[in-house]
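S.K.: Protein chains in written order, with numbering that gives the first Met the number 0: chain Z, 0 to 576; chain P, 0 to 186; chain A, 0 to 266.
Any given hint could be a false lead.
Below, computed lysine-lysine pairings styled on DSBU-like, alpha-carbon distance capped at 30 Å [stated by the list, open to error]:
id, chain 1, residue 1, chain 2, residue 2
1, A, Lys-122, A, Lys-257
2, A, Lys-70, Z, Lys-448
3, A, Lys-260, A, Lys-150
4, A, Lys-150, A, Lys-2
5, Z, Lys-368, Z, Lys-448
6, A, Lys-227, A, Lys-122
7, Z, Lys-64, Z, Lys-368
8, Z, Lys-493, A, Lys-227
9, Z, Lys-493, Z, Lys-34
10, A, Lys-260, Z, Lys-448
11, Z, Lys-64, Z, Lys-201
12, Z, Lys-493, A, Lys-244
13, Z, Lys-64, A, Lys-227
14, Z, Lys-22, Z, Lys-34
15, Z, Lys-368, A, Lys-2
16, A, Lys-2, A, Lys-122
17, A, Lys-257, Z, Lys-368
18, A, Lys-227, A, Lys-106
19, A, Lys-257, A, Lys-244
Hints listed in this document are in silico derivations from the structure and should not be mistaken for laboratory results.
Bear in mind the structure is a predicted one, so any value in this text is a computation, not a measurement.
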Amino acid sequence: MTTVSTPPTVAHHHGPPTTFISKYVFSTDHKVIGKQYLGLALVAVTTGMVLSWYMRFHLAFPDAKAPGLGTITPEQYLQLMTMHGTIMVFFVLTTAPFAGFGNFFLPLHTGAEDMPFPHFNMMSFWVTLTAFLVLVAAFVVPEGPPLAGWTAYAPLSAVGSGSGPGEGTGQTLWAISIFIFCIGQLLGALNFICTVLDMRTKGLSLARLPYVTWAWFITSVIGLIAFSVLSSACVLLILDRVAGTSFFIPAGLVVNDRVLTHAGGSPLLWQHLFWFFGHPEVYIAILPGFGIISTILPAFARKPLLGPRVMIGCMAAIGFLSYTVWGHHMFLSGMNPTSAMGFSVPTLIITIPATIATLLWLGTLYGSKYRFTTAGLFCLGFISVFITGGLSGFFLAQPSIDTYLHATYFVVAHFHFVMAVAAIFGIFAGTYFWFPKMFGRMMNETLGKWHFALTFIGVYAVFMPMHYLGLAGNVRRYSSFPAEYMGQALPLHKWITIAALFTGAVQLIFLYNLIRSRFAGEQAPDNPWEATSLEWSTQSPPPWDNFGGRHLVVSHGPDEYGVQSPRGDYIMQTDPP
Amino acid sequence: MTPKVGSPPSAARTGVWVGMGAIAMAFAAYTSAMMVRREGAPDWHHFQLPSILYVNTVILLASSVALEAGRRRIGDDYEVGRAARAYLSLALGLGVAFLVGQILAWRDLAGQGLFLATNPASSFFYVFTAAHGLHLIGGLVALAYMLRRVRVAVGPGTYGALGAVALYWHFMDVLWLYLLGVLAVWL
Amino acid sequence: MAKLFAALVAVITIVSTGIFVARTWWLPPDISVVGPSIDSQLVETMVAAGVLFVVSQLTLAVFVWRVSDEKKERPIRRFPGGATPLVVLATALVGVEVLTLSLVGSKIWYNTFLAPVPANALKVDVQAGQFAFYFRYPGPDGTFGTPHPDKIDEGGGNFFGLDPANDIDARDDIVTAELAVPVNRPVLLTMHAKDVIHSFYVPELRLQQDFVPGLVIPLHFTATQVAKTEIVCTQLCGLGHYNMKTYLEVMSQADFDKWLKDQAAAQ
Numbered sequence: 000m001t002t003v004s005t006p007p008t009v010a011h012h013h014g015p016p017t018t019f020i021s022k023y024v025f026s027t028d029h030k031v032i033g034k035q036y037l038g039l040a041l042v043a044v045t046t047g048m049v050l051s052w053y054m055r056f057h058l059a060f061p062d063a064k065a066p067g068l069g070t071i072t073p074e075q076y077l078q079l080m081t082m083h084g085t086i087m088v089f090f091v092l093t094t095a096p097f098a099g100f101g102n103f104f105l106p107l108h109t110g111a112e113d114m115p116f117p118h119f120n121m122m123s124f125w126v127t128l129t130a131f132l133v134l135v136a137a138f139v140v141p142e143g144p145p146l147a148g149w150t151a152y153a154p155l156s157a158v159g160s161g162s163g164p165g166e167g168t169g170q171t172l173w174a175i176s177i178f179i180f181c182i183g184q185l186l187g188a189l190n191f192i193c194t195v196l197d198m199r200t201k202g203l204s205l206a207r208l209p210y211v212t213w214a215w216f217i218t219s220v221i222g223l224i225a226f227s228v229l230s231s232a233c234v235l236l237i238l239d240r241v242a243g244t245s246f247f248i249p250a251g252l253v254v255n256d257r258v259l260t261h262a263g264g265s266p267l268l269w270q271h272l273f274w275f276f277g278h279p280e281v282y283i284a285i286l287p288g289f290g291i292i293s294t295i296l297p298a299f300a301r302k303p304l305l306g307p308r309v310m311i312g313c314m315a316a317i318g319f320l321s322y323t324v325w326g327h328h329m330f331l332s333g334m335n336p337t338s339a340m341g342f343s344v345p346t347l348i349i350t351i352p353a354t355i356a357t358l359l360w361l362g363t364l365y366g367s368k369y370r371f372t373t374a375g376l377f378c379l380g381f382i383s384v385f386i387t388g389g390l391s392g393f394f395l396a397q398p399s400i401d402t403y404l405h406a407t408y409f410v411v412a413h414f415h416f417v418m419a420v421a422a423i424f425g426i427f428a429g430t431y432f433w434f435p436k437m438f439g440r441m442m443n444e445t446l447g448k449w450h451f452a453l454t455f456i457g458v459y460a461v462f463m464p465m466h467y468l469g470l471a472g473n474v475r476r477y478s479s480f481p482a483e484y485m486g487q488a489l490p491l492h493k494w495i496t497i498a499a500l501f502t503g504a505v506q507l508i509f510l511y512n513l514i515r516s517r518f519a520g521e522q523a524p525d526n527p528w529e530a531t532s533l534e535w536s537t538q539s540p541p542p543w544d545n546f547g548g549r550h551l552v553v554s555h556g557p558d559e560y561g562v563q564s565p566r567g568d569y570i571m572q573t574d575p576p
Numbered sequence: 000m001t002p003k004v005g006s007p008p009s010a011a012r013t014g015v016w017v018g019m020g021a022i023a024m025a026f027a028a029y030t031s032a033m034m035v036r037r038e039g040a041p042d043w044h045h046f047q048l049p050s051i052l053y054v055n056t057v058i059l060l061a062s063s064v065a066l067e068a069g070r071r072r073i074g075d076d077y078e079v080g081r082a083a084r085a086y087l088s089l090a091l092g093l094g095v096a097f098l099v100g101q102i103l104a105w106r107d108l109a110g111q112g113l114f115l116a117t118n119p120a121s122s123f124f125y126v127f128t129a130a131h132g133l134h135l136i137g138g139l140v141a142l143a144y145m146l147r148r149v150r151v152a153v154g155p156g157t158y159g160a161l162g163a164v165a166l167y168w169h170f171m172d173v174l175w176l177y178l179l180g181v182l183a184v185w186l
Numbered sequence: 000m001a002k003l004f005a006a007l008v009a010v011i012t013i014v015s016t017g018i019f020v021a022r023t024w025w026l027p028p029d030i031s032v033v034g035p036s037i038d039s040q041l042v043e044t045m046v047a048a049g050v051l052f053v054v055s056q057l058t059l060a061v062f063v064w065r066v067s068d069e070k071k072e073r074p075i076r077r078f079p080g081g082a083t084p085l086v087v088l089a090t091a092l093v094g095v096e097v098l099t100l101s102l103v104g105s106k107i108w109y110n111t112f113l114a115p116v117p118a119n120a121l122k123v124d125v126q127a128g129q130f131a132f133y134f135r136y137p138g139p140d141g142t143f144g145t146p147h148p149d150k151i152d153e154g155g156g157n158f159f160g161l162d163p164a165n166d167i168d169a170r171d172d173i174v175t176a177e178l179a180v181p182v183n184r185p186v187l188l189t190m191h192a193k194d195v196i197h198s199f200y201v202p203e204l205r206l207q208q209d210f211v212p213g214l215v216i217p218l219h220f221t222a223t224q225v226a227k228t229e230i231v232c233t234q235l236c237g238l239g240h241y242n243m244k245t246y247l248e249v250m251s252q253a254d255f256d257k258w259l260k261d262q263a264a265a266q
């Protein structure tokens, strides 16, 4: 028997929300959920950054008293470090570019009224927020947060409080928080995938989707697999910690003078499960940035992206390859050395789509009539910092070189450039670009340009010297350096600390701009950037049902810039054919 | 009052497929953990699976059959007769019976002195069956919710949602058969 | 603003590359048989990466500079040849580089971790625990006694949990807190972890390897110069991680023999 098919653009028919709670708190409106995620990310990034200031302060001035903490002890340093990494990777780099902007703009890009499962979507934010609260609860339990790093290697993370301060309740809260986080992200990924597959408006083929929408789609698919695996790993870790199982704990361990009764578990098993998630996770962090740059660059270059299908292919290739490389975090971990070569080759091969993408951006920039707005500048900055970060990966991908550079500051430089700088630049570009649409007001361009210039200088000042430290053999995750160790490195650490505090202070310009523009910024027109995708064909901010009940018909691709039209030099996706 | 239309049928089904992918990956992770653990361990103790598991399997498969029977008895004009509702309720009841049977299996093991942390094989038995059971409870909640909805109003959206729930339910069967196989052979 | 950005990119590129080239902060001199090949692999990678870094960043700077003149009315120009030459260039260039580095690198990797250990290698047992390394030489009988976790008594100096009363092989084992080795002789370490994952890192040897609880991991090297260097832990192991270190002393064979005799006497 047959079912009557419903037009795919109709998600649900209901009136706009009326109460304060249903409008701003428990809202099923994807736009509100997106803003909630962005708000969470803002709180998280501020927290994470403050934690890093304490870390850097201690590294440069080990005996000085830090404001509010006194002299930082070795365990406190590691606890700061663990929470810094966990908060930044999970609650900033996965939420802002993906859940934040994605939730707000994905349905707009597909011409839908909302996502197909709005209640799951709402749940995904509240579940993620719960995960954040569970995590920061670790700050207030008696022994404090865990100290095993965001990577939480077993047995350090699995044997309980004997292995170090914070390894009791704090570590358990960490594992529970991350498990809850996985559930939240899976609920979100579900909505993203179904929106892209089933909710595209008439005429909007997959090929006509904006690049950032493709990026969110690919990221969702990656996340679906990665977060599922991590959730299982967290369950097994929790069981080892509280139920006496031995998934990750081998026999014969003597911790704190006690012989443990666990037996037969494998610490490497945790690493395999964790990195099977962990490597795709970093592509979850950067692919939305790829998409954002690929969408925004043409808008300000006033010409289409060079190689549109190639770019989508690159993003998909990176997504696929991300699952073949996890062992490059484990070259020296004790796994069979032969497998190291097996992981090294795909790691090096991932360089190819990343290089092609960079060349396509440069080729788009070539011969353009570039509009150097703040968003446009952050796109260009992204290209520079992504090149830097990507090239350092080239070294680490080779096991024979990694033998020297593993666990040194070279690694810290690499992942900060690609994640803390490039991905964040993507978030900044997205913010400056989409703020007018989200809030109906323009951000201040002068403040934005100062923010950009000082941040660009600052991030290079902070992270470029870390390569030098790594080459000199400066080991990472050390809470301090005794005088004889790396004596010549200490001045460089002081430089990095001062640069980090400076760059952190510069972000106050951004924060001020954000808040002031939200309430007192110039009114924004529907399409201030003369951009083409569907969100620009509705009001700023969009009405509750996105398009005022209109069913859009799309006749054009997402980056028809540099073409003569009644509008000027661009054709919007919804313009007549 | 405007009738409340559910999510479009195609999106609901896509959603279930996506969810199935995620759940499959989670169990793939547990499976690979078990394989690694089994290989490296001198302390792996095989044990006989409680025979009630096979009874439970039949019950679960029967519940899927009942669910399909009920779904297909919904008329061309989306009318849900007593027969359809009866089969759907039967499916729900059999699902609950399966869970009860799983708990009996656990008690059987506990009686043999096999608890969660006793040895790695028993650990994985409990982890697999508990994880499956929890996901099944999710399906039960969805099924119970659908049972209420078909009493109130039916239309293409509700019918499509029921189809999506049925798809999830059958996946729980397939997953269980896979787990039973893994447990019977590898444990 | 655009020109400022282009200038910044250029300056940052040139300055940072200059510091790499000047080797202001650089690897310590290597004292290992595999050192020269690792260093040359590193330098080759650095040259390749450095060229790509300079060319790509300066291209960005030049492109930005050239499109920064907002007053000139200029038609929009498509990149000559479109996307295809870039795809081909990237694939070919990176592909060749990847293949070369993998082939050369795999030989070095093999020599470090997969090559069979020479029969005359000096065997040393190593245990890492929170927060110290201990080493064990097999003594005149050439065999190691069996370690027992339940017999470990740090206060009493029984770091490996040996049972000399019942275990003949354990009676002449020599336990030390520092690693001494003779120069130009292969050394085979067998690595155990007492509690959590640790790591063994000697930058001058260009060598690093994790200690994994539950595994016994072999690691071999040959030191080519007399030297005293640090061995540091590089895998986060708890609050004492930053201070978990000891020394490697490479000595002449004669000095080593004397050192070992002195250590044995002090057991």
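S.K.: Compare the structure with each hint and give your call.
M.R.: How the hints compare with the structure:
The suggested pairing of Lys-122 of chain A with Lys-257 of chain A holds, with an alpha-carbon distance near 17 Å, which does not exceed 30 Å. About 20 Å separates the Cα atoms of Lys-70 of chain A and Lys-448 of chain Z, which keeps this hinted pair within 30 Å; it holds. A hinted pair counts as satisfied when its Cα atoms are at most 30 Å apart, and Lys-260 of chain A with Lys-150 of chain A qualifies at roughly 26 Å. Only pairs whose Cα atoms come within 30 Å are accepted, and Lys-150 of chain A paired with Lys-2 of chain A is rejected, the gap being roughly 70 Å.
For the given pair, Lys-368 of chain Z sits about 19 Å from Lys-448 of chain Z by alpha-carbon distance, which is consistent with the 30 Å threshold. Using a Cα cut-off of 30 Å, the hinted pair Lys-227 of chain A and Lys-122 of chain A holds, with the two alpha carbons roughly 19 Å apart. Restraint check: the Cα-Cα separation between Lys-64 of chain Z and Lys-368 of chain Z comes to about 52 Å, which exceeds 30 Å; the hinted pair is violated. Between Lys-493 of chain Z and Lys-227 of chain A, the direct Cα distance comes to roughly 28 Å. Compliance with the 30 Å bound is thereby established for this hinted pair.
Restraint check: the Cα-Cα separation between Lys-493 of chain Z and Lys-34 of chain Z comes to about 37 Å, which exceeds 30 Å; the hinted pair is violated. About 70 Å separates the Cα atoms of Lys-260 of chain A and Lys-448 of chain Z, which puts this hinted pair outside 30 Å; it is violated. Distance hint between Lys-64 of chain Z and Lys-201 of chain Z is unfulfilled; the C-alpha atoms sit about 63 Å from each other, more than 30 Å. Proximity of Lys-493 of chain Z to Lys-244 of chain A is assessed by CA-CA distance (about 24 Å); at most 30 Å being required, the pair is judged to hold.
For the suggested pair Lys-64 of chain Z and Lys-227 of chain A, the alpha carbons sit about 35 Å apart, so the restraint of at most 30 Å is broken. A threshold of 30 Å between alpha carbons decides the hint, and for Lys-22 of chain Z with Lys-34 of chain Z the separation of about 12 Å falls inside it, so the pair holds. Proximity of Lys-368 of chain Z to Lys-2 of chain A is assessed by CA-CA distance (about 14 Å); at most 30 Å being required, the pair is judged to hold. Distance restraint check for Lys-2 of chain A and Lys-122 of chain A: the Cα-Cα separation of roughly 62 Å exceeds the 30 Å cut-off, and the hinted pair is therefore not satisfied.
For a cut-off of 30 Å, the pair hint linking Lys-257 of chain A to Lys-368 of chain Z is broken: about 77 Å separates their Cα positions. Our distance criterion of 30 Å between C-alpha atoms is met by Lys-227 of chain A and Lys-106 of chain A, whose separation comes to about 28 Å. The hinted pair formed by Lys-257 of chain A and Lys-244 of chain A meets the criterion: a straight-line CA distance of about 24 Å does not exceed 30 Å.
Comparing the model with each earlier hint shows violations of hints 4, 7, 9, 10, 11, 13, 16, 17; every other hint is respected.
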